[in-house]
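**Q** We have chain W; now place chains C and F onto it with these hints.
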Amino acid sequence: MIDITLPAMAWDGTQDATEALLDKWLVAPGVPVKKGQVLVSVVLVKAAMDIEAPQDGQIEAVLVQSGESFAPGTVLAQFAPAA
Amino acid sequence: MSTPRILTMAQAISEGIAQEMSRDSAVFVMGEDVGSYGGIFGATGGLLDKFGPERIMDTPISETAFIGAATGAAAAGMRPIVELMFVDFFGVCMDQIYNHLAKNTYMSGGAVKLPVVLTTAIGGGYSDAAQHSQCLYGTFAHMPGIKVVVPSNAYDAKGLMITAIRDDNPVMFMYHKGIMGLPWMAYLEGSSNAVPQEAYTIPFGQAKVMQEGSDLTIVSISQMVQKAMLAAHELQGQSIHAEVLDLRTLVPLDTQEILKSVRKTGRLLIADEDYLGFGLSGEIAALIAENLDSIVLKAPVMRLAVPNVPIPYSRPLEQFVIPQVHSIVQAAQALTVGKMAQART
Amino acid sequence: MQIGKEKLLWMYQTMVEIRYYEETMAAVYMEGKLPPNIQKGLAFDIGGGPVPGEMHLAAGQEPVAVGVCAHLCDHDTVVGTHRPHHFAIAKGVPLGPMTAEMFGKVGGLGKGKGGHMHLFDPAHNFSCSGIVGASMPIACGAALAAKKMGKDYVAVAFFGEGAANQGSFHESLNLAALWNLPVVFVCEDNQWAISVPKNKATSVPSVAVRAAGYGMPGVHVEHNDAVAVFEAAGPAIARARSGQGPTLIEVKTDRYFGHFQGDPESYRPKDEVATLRTKDPIGLLAQLLKAHHMMSDQEQAALTAQAHQKVIGAFEFARASAYPQAQDALADVFARNHADTRELV
Numbered sequence: 001m002i003d004i005t006l007p008a009m010a011w012d013g014t015q016d017a018t019e020a021l022l023d024k025w026l027v028a029p030g031v032p033v034k035k036g037q038v039l040v041s042v043v044l045v046k047a048a049m050d051i052e053a054p055q056d057g058q059i060e061a062v063l064v065q066s067g068e069s070f071a072p073g074t075v076l077a078q079f080a081p082a083a
Numbered sequence: 084m085s086t087p088r089i090l091t092m093a094q095a096i097s098e099g100i101a102q103e104m105s106r107d108s109a110v111f112v113m114g115e116d117v118g119s120y121g122g123i124f125g126a127t128g129g130l131l132d133k134f135g136p137e138r139i140m141d142t143p144i145s146e147t148a149f150i151g152a153a154t155g156a157a158a159a160g161m162r163p164i165v166e167l168m169f170v171d172f173f174g175v176c177m178d179q180i181y182n183h184l185a186k187n188t189y190m191s192g193g194a195v196k197l198p199v200v201l202t203t204a205i206g207g208g209y210s211d212a213a214q215h216s217q218c219l220y221g222t223f224a225h226m227p228g229i230k231v232v233v234p235s236n237a238y239d240a241k242g243l244m245i246t247a248i249r250d251d252n253p254v255m256f257m258y259h260k261g262i263m264g265l266p267w268m269a270y271l272e273g274s275s276n277a278v279p280q281e282a283y284t285i286p287f288g289q290a291k292v293m294q295e296g297s298d299l300t301i302v303s304i305s306q307m308v309q310k311a312m313l314a315a316h317e318l319q320g321q322s323i324h325a326e327v328l329d330l331r332t333l334v335p336l337d338t339q340e341i342l343k344s345v346r347k348t349g350r351l352l353i354a355d356e357d358y359l360g361f362g363l364s365g366e367i368a369a370l371i372a373e374n375l376d377s378i379v380l381k382a383p384v385m386r387l388a389v390p391n392v393p394i395p396y397s398r399p400l401e402q403f404v405i406p407q408v409h410s411i412v413q414a415a416q417a418l419t420v421g422k423m424a425q426a427r428t
Numbered sequence: 429m430q431i432g433k434e435k436l437l438w439m440y441q442t443m444v445e446i447r448y449y450e451e452t453m454a455a456v457y458m459e460g461k462l463p464p465n466i467q468k469g470l471a472f473d474i475g476g477g478p479v480p481g482e483m484h485l486a487a488g489q490e491p492v493a494v495g496v497c498a499h500l501c502d503h504d505t506v507v508g509t510h511r512p513h514h515f516a517i518a519k520g521v522p523l524g525p526m527t528a529e530m531f532g533k534v535g536g537l538g539k540g541k542g543g544h545m546h547l548f549d550p551a552h553n554f555s556c557s558g559i560v561g562a563s564m565p566i567a568c569g570a571a572l573a574a575k576k577m578g579k580d581y582v583a584v585a586f587f588g589e590g591a592a593n594q595g596s597f598h599e600s601l602n603l604a605a606l607w608n609l610p611v612v613f614v615c616e617d618n619q620w621a622i623s624v625p626k627n628k629a630t631s632v633p634s635v636a637v638r639a640a641g642y643g644m645p646g647v648h649v650e651h652n653d654a655v656a657v658f659e660a661a662g663p664a665i666a667r668a669r670s671g672q673g674p675t676l677i678e679v680k681t682d683r684y685f686g687h688f689q690g691d692p693e694s695y696r697p698k699d700e701v702a703t704l705r706t707k708d709p710i711g712l713l714a715q716l717l718k719a720h721h722m723m724s725d726q727e728q729a730a731l732t733a734q735a736h737q738k739v740i741g742a743f744e745f746a747r748a749s750a751y752p753q754a755q756d757a758l759a760d761v762f763a764r765n766h767a768d769t770r771e772l773v
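Chains as they are written, first to last, in this note's numbering: chain W, 1 to 83; chain C, 84 to 428; chain F, 429 to 773.
Just chain W, with the same shape it has in the complex (with noise of 0.2 Å):
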């Protein structure tokens, strides 16, 4: 099982405890992905990110949701690794 988070290199520049929105989310889980697939928008203070799928696979269990904010290090989801 693999965490899908926003790396921390994207908070670089902002002061402590910001936070950043989950914007959508754009696959479900369960729905196979390739590697590379955007799975999540988020938006940090004003800069829009996607979060890519690591490999092959699918999200297993979504953390945080649509319209949620979120601080560094969290867990947005679960991803799982085609075998």
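Honestly, I wouldn't trust all of these hints.
Just the calculated beta-carbon pair ranges, DEER-fashion [claimed, not checked]: (1) C/HIS409 to F/LYS579: 49 to 55 Å; (2) F/GLN467 to C/GLN280: 23 to 29 Å; (3) C/HIS225 to F/PRO645: 44 to 50 Å; (4) F/GLN467 to C/GLY360: 31 to 37 Å; (5) C/VAL420 to F/GLY741: 48 to 54 Å; (6) C/ALA372 to F/GLY643: 54 to 60 Å; (7) W/GLN15 to F/PRO522: 25 to 31 Å.
Below 27 Å or equal to it, Euclidean Cα-Cα: the simulated DSS-like pairs (lysine-lysine) are [to be verified]: (8) C/LYS133 to W/LYS35; (9) W/LYS34 to C/LYS133; (10) W/LYS46 to F/LYS468; (11) F/LYS698 to W/LYS24; (12) C/LYS343 to C/LYS381; (13) W/LYS46 to C/LYS133; (14) W/LYS35 to F/LYS698; (15) W/LYS24 to C/LYS133.
In short, the hints are calculated from the structure, not lab data. Here a beta-carbon is modelled for each residue, glycine too, at the ideal position from N, C-alpha and C.
**A** For chains C and F alone, coordinates are given in the frame of chain W:
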């Protein structure tokens, strides 16, 4: 049954532009930061990737030149969409707008067609002060020759944008920053709503009854429509039933729908974010005054608008001059006080 | 070293003060704007916090302000831009009221009505505007008045390279040369007009070449260096003061932050700012001062601490100042005439 696709007003506008640009190669976009930035308020988001820099053109800070160029290009057969970043900047290019874009068709006896859509961001409420917070649709509606379109939500914005692009006349398309649904500005969420995938049009000059009611008519436009809806919901809880009318376009103006509603309710509250003096609210009050032979008013017309002061920066001052949900509620209560008294006797 | 130690130390300390001010403001600005305590679904709320609205910071551009203002006194006029803090500080605008203005407080320069892009300090003949290109005609006016009143005051118009493509630039330069006005036009070329780089907006590689087109000297300063700016501005201001007319100076400077705070700068190459910071003009001037034995490490520490204290005190003053009363929004549209005995709204 699939879940409806909710879009923000910004997304709806750029989608309407994209669909028309795919359909008609004469349509192109010019403006400051419309390209890779996607427009400062998101109105042209994603368009540069779809259509390239020849059709989504970033301009220098030269409004007179590029808005005048839109007029010239339209006369020569193109269909430009040109963005004035903030409506407050009209001062630097107004001659090209009101003496040329607005008048050439008339002065040529109808021979010259100018299919230009002039998009612009309007509105305050987020502390951008006097030079970046105005609505000014009254100013543009006052001068003959330009259609004035001011949507209050995503569904209307897309349909009105497509109509605007297909119209062979100059259309000023004014979108309020506080209902674009941007992730960096507080917005009234009623403005994001279900938008069909396919292209569709909404005719100009057709106001929409957002909510029916029998006690008073609230006439409004733009973000103020969303405030009026929130106020109407609160008033419902006090058994005051407001009918909320979204004008959608000021030129042309749907006078019939306004008169129909006021004939029904007998009470009119105009909620306007533009300046009070010599503008939209006065125009509608005059319309009523001219039709008093067929309307029975139960109370004088009430106008809520920004007093004739520049919009102040400081938050408590800005909140005071721009009508808020609670000011609409209070005005409606004052208008219907006779009704409540009657109900109690 | 041609420049006196006093002037150099003033420039150094003022740049330190400006940089610390901008860095402090960058942090304070973010208060109240970030999740989780903002509207759900937003990543940023521009209208939130103690300093709401837009914020344009000038970190990196300090040399332009100090190099020019080192030659000016209180009587001389400076008209700035939407990015005004470095000009205001270098011109001697009191920091407390300036900061209180940005907090929207009644102790602010404009009683909270103007905000960060509209700072007015008549005592120091300082003003600025949020409209691109507006500074130049106004500076011409100050110069015209000085001439008419027989004073040897000069006016300086600061503007960005984007503004050099706005009509007011061309009209102002022509007018100033034609009427031999004591005005100096200073173009801050920070290479970016929001997301549009200079080479995509300007038809010539250097704005300074346009001076010849209007009949005045044009000076290009290639390095973002206080001494270089000082040495270019000196003769220009002397010319103006002695009745020999206007000059156009263009300084290539560096914008360290985004166009506005919160700007994701996705249009900017990722390592550009890091590279620019290796040539930080404040560090460079410190090195120069030490190389000429004009400033010891202890003196530098003392100057720095003094500058920081001034900034800290200004923010404390701002926080402690009260908000205006809502009704204050209606006052000050018109100034009181000497003969007036009634209230004007």
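**Q** Hint by hint, note whether the structure agrees.
**A** Hint check results:
{"no.": "1", "hint": "C/HIS409 to F/LYS579: 49 to 55 Å", "in the structure": "holds (53 Å)"}
{"no.": "2", "hint": "F/GLN467 to C/GLN280: 23 to 29 Å", "in the structure": "holds (28 Å)"}
{"no.": "3", "hint": "C/HIS225 to F/PRO645: 44 to 50 Å", "in the structure": "holds (45 Å)"}
{"no.": "4", "hint": "F/GLN467 to C/GLY360: 31 to 37 Å", "in the structure": "holds (33 Å)"}
{"no.": "5", "hint": "C/VAL420 to F/GLY741: 48 to 54 Å", "in the structure": "holds (52 Å)"}
{"no.": "6", "hint": "C/ALA372 to F/GLY643: 54 to 60 Å", "in the structure": "holds (58 Å)"}
{"no.": "7", "hint": "W/GLN15 to F/PRO522: 25 to 31 Å", "in the structure": "holds (28 Å)"}
{"no.": "8", "hint": "C/LYS133 to W/LYS35", "in the structure": "holds (24 Å)"}
{"no.": "9", "hint": "W/LYS34 to C/LYS133", "in the structure": "holds (24 Å)"}
{"no.": "10", "hint": "W/LYS46 to F/LYS468", "in the structure": "holds (15 Å)"}
{"no.": "11", "hint": "F/LYS698 to W/LYS24", "in the structure": "holds (26 Å)"}
{"no.": "12", "hint": "C/LYS343 to C/LYS381", "in the structure": "holds (15 Å)"}
{"no.": "13", "hint": "W/LYS46 to C/LYS133", "in the structure": "holds (22 Å)"}
{"no.": "14", "hint": "W/LYS35 to F/LYS698", "in the structure": "holds (25 Å)"}
{"no.": "15", "hint": "W/LYS24 to C/LYS133", "in the structure": "holds (22 Å)"}
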